[in-house]
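There are 2 protein chains.
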Amino acid sequence: MTAPHFTPLVDSLPSTVPFVGPETLERNRGRPFVARLGANESGFGPAPSVIAAMRDAAGDVWKYGDPENHDLKQALAAHLGVSPRNVAVGAGVDCLLGLIVRQYINPGDAVVNSLGGYPTFNYHVAGFGGRLVTVPYRDDRGDLGPLLDAVRREKAPLVYLANPDNPMGTWLDAGEIQSFIDALPETTMFILDEAYGETAPDSAIPPLDTGRPNVLRMRTFSKAYGLAGMRCGYAIGAPEQIAAFDKIRDHFGVSRMTQAAALAALADQAYLRQVVGEIGAARQRIEEIAAANGLQAIPSATNFVAIDCGRDGAFARRILDELIERDIFVRKPAAPVLDRCIRISVGPRSELDLFEERLPLALAAADKTS
Amino acid sequence: MTAPHFTPLVDSLPSTVPFVGPETLERNRGRPFVARLGANESGFGPAPSVIAAMRDAAGDVWKYGDPENHDLKQALAAHLGVSPRNVAVGAGVDCLLGLIVRQYINPGDAVVNSLGGYPTFNYHVAGFGGRLVTVPYRDDRGDLGPLLDAVRREKAPLVYLANPDNPMGTWLDAGEIQSFIDALPETTMFILDEAYGETAPDSAIPPLDTGRPNVLRMRTFSKAYGLAGMRCGYAIGAPEQIAAFDKIRDHFGVSRMTQAAALAALADQAYLRQVVGEIGAARQRIEEIAAANGLQAIPSATNFVAIDCGRDGAFARRILDELIERDIFVRKPAAPVLDRCIRISVGPRSELDLFEERLPLALAAADKTS
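Protein chains in written order, with the UniProt record's numbering: chain A, 1 to 370; chain B, 1 to 370.
Since the hints were made in silico from the structure, they are not lab data.
Any given hint could turn out to be false.
[To be verified] Below are the EDC-like pairs computed for lysine to aspartate or glutamate, each with C-alpha atoms no more than 16 angstroms apart in a straight line:
#, chain 1, residue 1, chain 2, residue 2
1, B, K155, B, E186
2, B, K63, A, E26
3, A, K63, B, E23
[Said to hold, decoys possible] Not close to chain A: a few residues of chain B, all C-beta gaps over 10 angstroms, as computed:
#, residue
4, E68
5, S179
6, I181
7, G280
8, R285
9, S350
Quantities reported herein were computed from a predicted structural model and do not represent experimental measurements.
C-beta atoms are modelled at their ideal positions from N, C-alpha and C, and glycine is treated no differently.
Produce the entire structure from the sequences given, and follow the hints as far as they go.
Set out below in structure tokens:
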């Protein structure tokens, strides 16, 4: 039987799952992990006040959520010192990135990202027929000069940068970012992904400038707020660019429960401060564990630490495999140069204890097979 | 300052919210509704077992959900008697409809729907540059012959039908649907939206045939399962067509909490049976209220009842406005002929009591201003 035809673009795409989830690995291995330190989640969890708010909301979920995300937008705007017209809420930054690519990219248009930058963004670029142009990292950070050169050379309508960076955890200073913004062509939209903004030093975050139509700042409740499993992110930008999300978004996409959770999380800044402290301490602990094993942790402003394993990607891959074999879930960058690292997310003391215990064993085993 | 250019398609679209939520109306009115009977939600709520499962899951939402929705797909497949390869899970049917349009529609391609059929589907058609071709209802039901004619005439890659129907509540027999399927061009994808399948008579639901690549059956946890606010729908189809969702979907789009809720809901079929009974009784009650007011309820297989107000759309609109003025949230169809009706969702006794009390007042007021 003949089947309906996919569009040529969709026909050309692979069916894929960009990240293999720890659940899948656990199913394949037939046993659970004892430490979940691979997905840049916050093992410290959401605030008790947020858990309470979700429990309270559970009986109410027969109602559709507010398609305008009104209360959450108001609260975010007040928190950020901007107008609600500067805020678009979506079902996670992933979802919003897809909507942005869809808004600005015609098939064949160039999109600039760092080589090794966020794969889900690249997935959306491919999904809308964009032409990905990559620029290598320099000293484990996005390399702004060549990124700007690529934007100009390719007349790219979109350029993406995560600051702080994923997968390396590094950051650029606000001044460098601001100079990049000032130098960008006015017709190039800059996606500044600040998913890890809450765990970064203030000096990494340029002031918000919602008068500028070619910058969208991306933030999320998935990281420091501990709500990765609820899907809530937001974009901050100029009114016309923010209103454009209403042309194509799934209006009910942010669930009622998620709106309740995000509102409660935003209201509990005391918990956020506490958890940011715990994240900082956990980063330090991971650095110490690395050093005790003769490895070099790369300074991080995120909720994870990339550890330079000192040799090539194959060696780091063996360490990763040996950790997974020992029930420690971690991930690693895949791109050249970055791939010499493994990436350890923060987590509570008990999980880092297990990492500390098993890393030397994994290293020894990886050494033996090299 | 020049701004980044939207794609010509996005530039042509309006910024909109397809459904004005009751929350927005309440904000504008400055007071809450006393009966929420407008959005085809289930006022009977989710099962107590589902509420308990969500409360249990609340502490776990710092983890991303499983991007493969593995457990839920397994459970759905077992429940449906199909393979997991026949099931795609998404953040509500709305989200899946968008993905389907994106898979099959090139700009300018025809898409066939009934005139007055699901607006969110039409929103996605516009959003991907499809050309909407509509066919009037006949006797308040989708008119299969002309729908088929339109598909053939326009060489439409997509045709949509909700059975049971929204906004009219009517249904077609499985045999009619099956004949339509058998007559369709093999290259036309048929979206058979069975969001209200659980509240329909068995005789309205054709057997699943996952060998057929040009039918996608849409189901949801939003209606009978009482989880509209959690966003979980699924598509049932042939393996290649189901796998294609993995090319473009947001892999983490179905939140961890939502997966937990849907799994628990599916497991509690006793509650589903009970609530379907309550929905049936509430439909009957709404029919009686209509009749007591000299209005004709249209027989319904859904969780709502369309009431024919006996005159034109303007009259029905006045009744609607008078109900809203009296704090009863209801909606009405907007398309010609259908617009003579108001649409009342089922709800618990206390809310239908209020509807019963205030409908005569609304009718009298609407009469007076005509």
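For each hint, the structure was consulted:
| no. | hint | verdict |
| --- | --- | --- |
| 1 | B/K155 to B/E186 | holds (11 angstroms) |
| 2 | B/K63 to A/E26 | holds (14 angstroms) |
| 3 | A/K63 to B/E23 | holds (11 angstroms) |
| 4 | E68 | violated (6 angstroms) |
| 5 | S179 | holds (17 angstroms) |
| 6 | I181 | holds (12 angstroms) |
| 7 | G280 | holds (17 angstroms) |
| 8 | R285 | holds (18 angstroms) |
| 9 | S350 | holds (15 angstroms) |
The structure does not agree with numbered hint 4 stated previously, though it agrees with all others.
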